[in-house]
Amino acid sequence: MLFEELTAIAEKTKSERKQVCVRCCMSAGCMSSQADEIKKSLEQAVAEKNLADKVEIRRVGCMGFCGKGPMVSVEEKDETIIYQEVTPENAPSIIGAIAGGKAEAELGDSKHPFFTHQMPVVRSHGGRIDPEQIDGYIEVGGYTALHHVIQDLSPSQVVEIIMQSGLRGRGGAGYPSGLKWSMVAKAKGEQKYIVCNGDEGDPGAFMDRSVLESDPHTVIEGMAIAGYAVGASLGYIYVRAEYPLAINRLQLAIKQAKKHGLLGDGLFDSTFNFNIEIRIGAGAFVCGEETALIASIEGRRGQPRPRPPFPAESGLWGCPTLINNVETLANIVPIITKGADWYASLGTGKSKGTKVFALTGKIRNNGLIEVPMGITIREIVEDMGGGTPDGTKIKAVQTGGPSGGCIPVELFDTPVDYESLMKVGSIMGSGGMVVMSEETNMVDVAKFYMEFCMEESCGKCIPCRVGTVQMYNLLKKILERKATILDLEALEELCDMVQNTSLCGLGQTAPNPVISTLRYFRNEYLELLQPLPGEKID
Amino acid sequence: MKAQQISPPSADKRWKIIDVKMRKLGYKSHALIETLHSVQEAFGFLELDALRWVSKSLRVPASKVYGVATFYNLFKLKPQGKHNCVVCTGTACYVKGAAKILEAIENFASIKSGETTGDKELSLLTARCIGACGIAPAVVYDGNAAGRLSPEQAIEKLKGYLHAV
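So the sequences go chain by chain: S and Z. The first sequence begins at 0 in numbering that gives the first Met the number 0 and counts up one residue at a time. The second sequence begins at 0 in numbering that gives the first Met the number 0 and counts up one residue at a time.
Honestly, the hints are just simulated from the structure, not real lab data. Please read these numbers as outputs of a predicted model, since none were measured by experiment. Wrong hints could be hidden among the right ones.
[Claimed, not checked] In the DSSO-like style, the derived pairs of lysine-lysine whose C-alpha atoms are separated by at most 27 Å in a straight line are:
| hint | chain 1 | residue 1 | chain 2 | residue 2 |
| --- | --- | --- | --- | --- |
| 1 | S | Lys254 | Z | Lys23 |
| 2 | S | Lys459 | Z | Lys63 |
| 3 | S | Lys187 | Z | Lys27 |
| 4 | Z | Lys75 | S | Lys459 |
| 5 | Z | Lys15 | S | Lys254 |
| 6 | S | Lys257 | Z | Lys20 |
| 7 | Z | Lys99 | S | Lys476 |
| 8 | Z | Lys23 | S | Lys258 |
| 9 | Z | Lys156 | Z | Lys77 |
| 10 | Z | Lys111 | Z | Lys75 |
| 11 | S | Lys254 | Z | Lys20 |
| 12 | S | Lys257 | Z | Lys23 |
| 13 | S | Lys257 | Z | Lys27 |
| 14 | Z | Lys77 | S | Lys459 |
| 15 | S | Lys475 | Z | Lys111 |
| 16 | S | Lys475 | Z | Lys99 |
| 17 | S | Lys258 | Z | Lys20 |
| 18 | Z | Lys99 | S | Lys392 |
[As the list claims (entries may be wrong)] From the structure, some residues in chain S lie toward chain Z, with a derived Cβ separation under 8 Å:
| hint | residue |
| --- | --- |
| 19 | Ser32 |
| 20 | Cys65 |
| 21 | Glu199 |
| 22 | Arg208 |
| 23 | Ala283 |
| 24 | Lys361 |
| 25 | Gly366 |
| 26 | Phe451 |
For each residue, glycine too, the CB sits at the ideal point set by N, CA and C.
Please work from the sequences and hints to get the whole structure.
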C-alpha cells in the first residue's frame, strides 16, 4: 500500500457517506440486549421509508453508556441525538423521526456530565466507526501515523516521542512506556517481539474488551509503530477467551490489514515488515502477569518466573520482548498524530493523558468513561455516575481489582493519578471502578477478592498458594462470627508475609483488599469478633 | 526428528480439523494451547485419547500436556452437557447479587457450579468476569449473554434454553 492509495480510500469512503448517520452500538453489552435485532429493524425501517439514499445505518463499537443500552445515535449535519434503552419494537420510530415523525424510543441526554466530563483519546473512534470495516478507520485518518513514522522518523525518534509524551503503562503498574520501549530498542537480538496484553482479568473491568471490540485497528497500528520503534517484526495479541466478540473483530481486522498491505512485508514501500498473530487465553487470571503471559504464548502452564531478567531483555523464546497493555498501545496513534507535547499537556504532573475506567457496581449511570488524569473520584462517582440507583449512600469505590483497594467516601476528593491513588492505599489498576453502597459488607468484599486470588493462584510459590488459602479461611471465620482478636492479628501478619515474599504481582498484591478494608473499615471487622475466653463482655 | 503427521486415534473426521491447526503452527510445541482449544471446540471436552495424540504429534511429554490441560480453567476433561449456563461472578455482578442467581440456578438444576446434570442436559459454570459489567448481574446461556437479571428471570431464561430444540 502506498500513501496515495490510503488517502484515496479515505476520500472515496468519505464521499460515499450519506446525509444522516444512524449509529447502532454493537459491543458485547448491547449485543446481549438484542442490538443485532435493533440494527435489522432500523435497516428495515430505512428500506420501508425509502430513505436509503439519505440514511446510513452503521454498526459501531461501545458508546460507553452501557447501563442504558442498547444505544442508538442519529447524527445529521453537526447535531447528534442519542437514544437509550432502545428495543427492536421502538427502533423504527427513530427512523420515522428523521423524516419528521416522533420517536418513541427514550431520548438520552448528551449534555449529561457522564458525557461532557469525558475526554476521548483512546476512545475517540469508539462508538463512531464500524469496527468491522477497515475503510471506516482509514476514513478517520487510520494508518497515516504508521506511514508517518516509517517515512519520516527514525526508530529512535519514535521512542523519543513516546518518552516525551509521558505515557505510562495502562495495565496497572504505571511503568513509563518510553523507558520500556527504549530498553527493548537497545536490547541486542536478531529477533524481537511485540506482545499486546489483552488478558484483562480483573473482575469488574472491561476497558480493553471495549477498545478491541470498538477500534481494533488502533491497537494493530499501535503495535506496528511499536514494532518499527524497537525493531520487531512479529507481534502477538493475547486475548482472553471470555471475549469472543473482541477475538472475532481482531481476526477480521488483521485479515483486512493484511489484504490492504498494512501488515506484512515491506510496509509503505519500506524495508519494514510486521505481522500479528492472535493467541487466545484459556481462563487463567495469572496470565495477565507478563512472564506468565509469555509462558502461555509458548504453550506452557501460565506460571510466572522471577524478574530480572525482564522481558525487555529476555522474553518470548528468550528474545527481547515489548509487552504493553491494550490501552497503552491504543494511546500510540493519538500521540504520534497529535504530538508528544499535546499529550503531555493532558493530565497531571506525573500522570499524563487520559484513563479509561469501567464504572460499575451500585451506580446509576454505569458504563465506560475516559477521563483526564487528575479528575477527582467525586466528579466521576457523583457527577458522572449520578450516585446509587436506589438512593442508598455510597460507602466506597474499589479500584484496581484484586490487587487494588477500597477508597472510602471521605477521600473522594482524591485526584485520579498513579501516585495519589497509591497514597490512599489503592492503585490505578487497569481501570475497574466498582462502586459500593452502605449495603455492601466490606469484610465480605475482602473475602470475595481473597477467594478470587486463592483460586487463581498458580501454585508455584508457597506464600501465595498457601497464604491466600489461610487468609481466606480467616476471613470466613470472621464472617461466621467465630473469630477472635487473635485471628485478626494472624490475618494482618499473613498479609504482611504474603505481600513481601510472593514471587509475582498476583501474590504480592493479593492482601491489598484486606489491608485497605482494614485501614478504612476496621470497625466492620471488630464488630464481628468474639471475645477471648475469660474476656469481659460489655 | 522431523515434525510429521501421526495418525489420529479414530476415523472421526474432526481429527482432521485439529491436524490442520497443528500443521499450520508447524507441529511446534508452542502450538499446544491453540491445539487444545481446537480439540475442545470439536469434541466439547478433552478426552485422554486426544491428549495422547496431541502429545505425540507435537512431541510434548504427556505429563506436560496434562499439566497444561488441567492448569487452565477453560479446558474441560469431562464431557459437558448439551447446554451450558455460565454465571458471571465478577465484582460488578457480585455487588449486584450474582450469588443469589447462582444459588437459585443451583437449586433449580440440583447441581453445583462446575457440575453437569445426570441427563447431560445442562452444565453449570461460573466465570471470573465476562466483561459485561455494564449489564450486571449477567449470565451467559449457550454463549449468549443476558444481563440485569433477577434470580427468577435467570431461571426463566434458562428454562427457555433447556426447552429449545
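Q) Holds or violated: Z/Lys23 with S/Lys258, Cα cutoff 27 Å? A) With Cα atoms ~19 Å apart, Z/Lys23 and S/Lys258 stay inside 27 Å; holds.
**Q.** Satisfaction of hint between Z/Lys20 and S/Lys258, Cα-Cα up to 27 Å
**A.** 22 Å, holds
Q. Would the stated hint for S/Cys65 survive a check requiring a Cβ distance to chain Z of less than 8 Å?
A. 2 Å, holds
Q: Double-check S/Phe451 for me: the hint is only fine if its C-beta lies closer than 8 Å to a C-beta in chain Z.
A: 7 Å, holds
Q. Against chain Z, with CB atoms and a cut of 8 Å, does the hint on S/Ser32 hold up?
A. 7 Å, holds
Q) Given the hint that S/Lys257 pairs with Z/Lys20, does the C-alpha gap stay at or below 27 Å? A) 20 Å, holds
Q) Would the pair Z/Lys15 and S/Lys254 pass a check requiring their Cα atoms to be no farther apart than 27 Å? A) Judged against 27 Å, a Cα distance of about 24 Å means the pair holds.
Q) Z/Lys156 and Z/Lys77: Cα distance at most 27 Å? A) 25 Å, holds
Q. Hint check: is the beta carbon of S/Arg208 less than 8 Å from a beta carbon of chain Z?
A. 4 Å, holds
Q) Taking 27 Å as the top limit, are the C-alpha atoms of S/Lys254 and Z/Lys20 close enough? A) 17 Å, holds
Q. Any CB of chain Z closer than 8 Å to the CB of S/Lys361?
A. 6 Å, holds
Q: Hold the hint about S/Ala283 up to the distance rule: shortest CB distance to chain Z must be less than 8 Å.
A: 5 Å, holds
No hint from the list above goes unmet by this structure.
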